[in-house]
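Using this note's numbering, the letters of the sequence shown correspond one by one to residues 1 to 135.
Hints may contain errors.
Per label pair, the in silico range of CB-to-CB distance [what the hints assert, rightly or not]:
(1) 8 - 38: 43 to 49 Å
(2) 17 - 40: 34 to 40 Å
(3) 15 - 50: 28 to 34 Å
(4) 47 - 81: 35 to 41 Å
(5) 104 - 45: 24 to 30 Å
(6) 37 - 5: 50 to 56 Å
(7) 32 - 124: 20 to 26 Å
(8) 77 - 42: 39 to 45 Å
Hints are computed from structural coordinates only; laboratory data are not their basis.
Glycine residues also receive a C-beta, built at the ideal position from the N, C-alpha and C atoms.
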Amino acid sequence: MRTKRIPSRRSIWESRIAYLPLALAVGCCMLSAGLMGVAGLMQFSDAPEWMLSLMAGVVLVSSGYGMGYFSGFHRRKRGMQTGLFCGIILCCILWAFGMAWQQIGGGLIRILCVCVASTWGGIVGVNRQHKKPPR
C-alpha cells in the first residue's frame, strides 16, 4: 500500500512575496531608529534646513540598504530583484504617508536613491558568506 508523503512546509524566504512584510519591518525599524537619532541631534544643535534634509536622506538610504541586505541575506537568491522589490515597497509606504500627512509625495531622486541602495543591499546580502552552525 502506497501512502502519499506530506509535502514539507515552505520557508517564508522561498516564497515570492511572503518575505516582504518581515523585510519591511526591519527597514521601518532602522528608519525609525535613525530618525530618532537625528531628532536627538536636533535637540543639541541648531542645524540649517539643508543639513537636516541631508541627514534624513542618509538615514533613508541606509534603511533601504539594510532592508535589502536583510532580505537578500536570508533569501540567498535573486538579490537584485529582492532588493528592488524591498525598495519599491518602502518608497510606496513613505509616499503614502507623505501624501496623507503633508500632501508631498517625494522626489524622483529620493526614490531612485532608495531603490538603488536597497538593490545594492540585496546583491551584497546574497553574496555574503553564511557561517555554518556549530554541531
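Quick rundown of the hints versus the structure:
no. : hint                 : verdict
1   : 8 - 38: 43 to 49 Å   : holds (45 Å)
2   : 17 - 40: 34 to 40 Å  : holds (35 Å)
3   : 15 - 50: 28 to 34 Å  : violated (42 Å)
4   : 47 - 81: 35 to 41 Å  : holds (38 Å)
5   : 104 - 45: 24 to 30 Å : holds (25 Å)
6   : 37 - 5: 50 to 56 Å   : holds (51 Å)
7   : 32 - 124: 20 to 26 Å : holds (23 Å)
8   : 77 - 42: 39 to 45 Å  : holds (41 Å)
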